[in-house]
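Chemist: Sequence:
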Amino acid sequence: MSSRLHDLAVEHLGTRIVSGELASGSVLRTESLEEDLEVSRSVVREAVRVAQSLGLVESVKRVGIRVLPMSSWNLFDPSVIRWRLASEQKGAQLRSLTELRTAVEPLAAELAARFAPAELGAALMGIAAGMRSAGRAGDAARFLELDVEFHRTVLRASGNEMFAALGDAVGEVLRGRTSSGLMPTRPSEDAMQWHVDVADAILAGRADAAREAMLRVLGRTADDVERIWREAPRALPAS
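All residue numbers for the sequence shown refer to numbering that gives the first Met the number 0, where the first residue is 0 and numbers rise by one.
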């Protein structure tokens, strides 16, 4: 029960900060959080500790718990991504992650074709085949599970540990697109074929083809959700 209360407290605090309900510079008191959440001080302290680890707040002696600006947040943390996708920042978050994926994943596919062992290429072919079966059957849950696995595997197969570390972030945005109704019930045949093309090129060691196929995958992703972020302002630094 205490673990459940802790999770709820973290969700409550994180959601309010990321959504902007608690603006940057706001000062919170432990006592007020206890009352809002109806939990013990120890649960609040643990939730604040997690929020601090994500860069959402800082504890200021004799002041309280200060909410920090987005520039301090751990923007790659899956929880922060999930909270942003559930807020009015959804468009901006989808855009930034799609742009990040477009920059990284084609290169990851190219590197995987150059350096990944054959068993990883074979595994990708199996995952892509499973995606096609699930997509044609209209099994959205299974398709999502395999889609996440596919992109995580490509990032890992690149042999670049920093690319591989983006797997959780990519998984979160794929889940967020699905939960937001931004994924078709039945994926297009083209999109499923492009995943097969990525896997086939990686297995065959065709680096240029792997990169181009992944660019097609990400291009379709951008086309599908661009309308969501069309009016979202960019997070430009202050002059």
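Among the clues, some could well be false.
[Said to hold, decoys possible] When the alpha-carbon atoms are kept at most 25 Å apart in a straight line, the in silico SDA-like pairs for lysine to any residue are as follows:
#1 89 to 184
#2 89 to 74
#3 89 to 71
#4 60 to 89
#5 60 to 73
Read the hints as simulated data drawn from the structure, not as lab findings.
Since this is a predicted model, take the numbers as computed values, not measurements.
Chemist: Evaluate each hint against the coordinates.
Modeler: Hints versus structure:
For the hint linking residue 89 to residue 184, the alpha-carbon distance of about 21 Å falls within 25 Å, and the restraint holds. Simply put, residue 89 and residue 74 have alpha-carbon atoms about 13 Å apart, close enough for the 25 Å limit, and the pair holds. Distance restraint check for residue 89 and residue 71: the Cα-Cα separation of roughly 19 Å lies within the 25 Å cut-off, and the hinted pair is therefore satisfied. Between residue 60 and residue 89 the CA atoms are separated by roughly 34 Å; this puts the pair beyond 25 Å, and the hint is violated.
Between residue 60 and residue 73 the alpha-carbon distance is near 23 Å, which keeps this suggested pair within the 25 Å criterion.
Going down the numbered hints, you'll see the structure goes against just number 4.
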